[in-house]
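Residue numbers (the numbering used here), protein chains in the order written: chain A, 1 to 139; chain B, 1 to 139; chain C, 1 to 139.
What the hints contain is simulated information worked out from the structure, not anything from laboratory work. Note that the coordinates shown come from a computational prediction; the quantities given were computed from them, not determined experimentally. Some clues are possibly wrong.
[Stated by the list, open to error] Some chain B residues judged to face chain A by a derived CB distance under 8 Å, without partners named:
1) G17
2) M44
3) N47
4) S89
5) E106
6) V114
7) R117
8) V121
9) K126
10) N128
11) T131
12) L133
13) E135
14) Q137
15) I138
Ideal Cβ placement from N, Cα and C applies to all residues, glycine included.
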Amino acid sequence: MKSSEEKNLIIAKLDDGENLFESLKEIIEKHGIKNGLVLSGIGMLRNFVLGYYDGSEYQKKEFKDPCELLSLQGSITTKGETVIHLHTSLADESRNVIGGHLFEAEVCSLNELVIRRLDDVVLSRKLNPATGLKELQIS
Amino acid sequence: MKSSEEKNLIIAKLDDGENLFESLKEIIEKHGIKNGLVLSGIGMLRNFVLGYYDGSEYQKKEFKDPCELLSLQGSITTKGETVIHLHTSLADESRNVIGGHLFEAEVCSLNELVIRRLDDVVLSRKLNPATGLKELQIS
Amino acid sequence: MKSSEEKNLIIAKLDDGENLFESLKEIIEKHGIKNGLVLSGIGMLRNFVLGYYDGSEYQKKEFKDPCELLSLQGSITTKGETVIHLHTSLADESRNVIGGHLFEAEVCSLNELVIRRLDDVVLSRKLNPATGLKELQIS
């Protein structure tokens, strides 16, 4: 992982075989991110898990084959525990697109990520007992 | 709807059952947005309408079942009338992705949105009589 | 092509028939972009080529019919040669989504693009002999 920053915007390059979430945690630590946004992510992923929330819990589905990473958007909160909430779309070899809530992912070839650190806006997560989701809170 | 802002960047959280476009109009009013960009949106949507422009008009298709909201990008103009131009991609239960020009949508579970208010760049819309589209104008 | 800029953020509108990559090169020249990010792109594309990297080379597939442009994310480097690395997702008439690494594209109807110029972060490309990919370098 390599990263650099200007005006709260962090550009990172991840290498083949890296665990996407572990590398994001390294970026969070290196750049002192307490609250942030993932604005963009391209490259390829393999061995990733896509979730669909069925109204009571996340159904998880694993994909092993490499897919082109088309978009990556989400939020970073670190209050209490670090939560990286990411949604993604990916294209398989036939150019067909799949996607969902991203639970796990291994970088294939490389990833180019864009992260925005928030300095004034304070985010946190709070369990909604009705849904079981740790919902974003903005204060 | 809850929202907060730093350096022209607005982070908003919408709750289950909210009308996405009505909530965006609230955000526009609350944060004094005259011109803006929607940079990111994740969460889930239900009861949404996706458009495909066939060269002379928009074909509209309604989707009732909840889908994971993977990406949301677009522009906000308020000169004359408020136009929120959004394109989106969504994953259904099978992780298959659908998308198009978003005409209507109801928030399912929650939405996390990122909006950029423009203070200097002035945008507007102008009807292109050849296509019937209200095209973005940059002045 | 029309474009305007505030605080390193460039908003551009491309017109029907323009070559997306040629118009991006015009924007790069007009706004003095040495390093940059493509954060968003919506509208429609036709006659576009989507790539899938199979581990040794890019498989390319051409699509002629107009598709709704749902997302466009990537990076711009100009050191040595100008490289515009873009990944995209698009919806066809049935609202089904396809995507991949974008090699060529013609604007259909119009495109609205958002580009972030980087002034401090320096990007470049370096051939990785093991993969044949010109990988992003962050210095």
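If you take the shortest Cβ to Cβ gap from L133 (chain B) to chain A, is it below 8 Å?
Violated: closest Cβ of chain A sits about 24 Å from L133 (chain B), beyond 8 Å.
So, as I understand it, the hint says S89 (chain B) touches chain A; can you test that by seeing if any CB pair is closer than 8 Å?
5 Å, holds
Take the shortest C-beta to C-beta distance between M44 (chain B) and chain A; is it under 8 Å?
6 Å, holds
Interface hint compliance - E106 (chain B) to chain A, C-beta minimum distance less than 8 Å
E106 (chain B) check fails; min Cβ-Cβ to chain A is 14 Å, beyond 8 Å.
Could you check if T131 (chain B) really has its C-beta closer than 8 Å to a C-beta on chain A?
Not OK, violated: T131 (chain B) not within 8 Å of chain A, min 27 Å.
Taking the least C-beta to C-beta distance, is V121 (chain B) closer than 8 Å to chain A?
17 Å, violated
Holds or violated: is the Cβ of I138 (chain B) closer than 8 Å to a Cβ in chain A?
22 Å, violated
Verify the interface restraint on V114 (chain B): the C-beta must sit less than 8 Å from at least one C-beta of chain A.
It holds, given that the least Cβ distance between V114 (chain B) and chain A is near 6 Å, below 8 Å.
Would you check whether G17 (chain B) satisfies its interface hint, that is, whether its CB is within less than 8 Å of any CB in chain A?
12 Å, violated
Minimum Cβ distance from E135 (chain B) to chain A below 8 Å?
For E135 (chain B), the interface hint is violated, since the closest Cβ of chain A sits about 25 Å away, which is over 8 Å.
Does R117 (chain B) hold up as a contact with chain A if the rule is Cβ-Cβ below 8 Å?
14 Å, violated
Let me know if the C-beta of Q137 (chain B) comes in closer than 8 Å to any C-beta of chain A, holds or violated.
Constraint on Q137 (chain B) not satisfied, violated at 26 Å.
Hint check: violations occur at hints 1, 3, 5, 7, 8, 9, 10, 11, 12, 13, 14 and 15; the rest are consistent with the structure.
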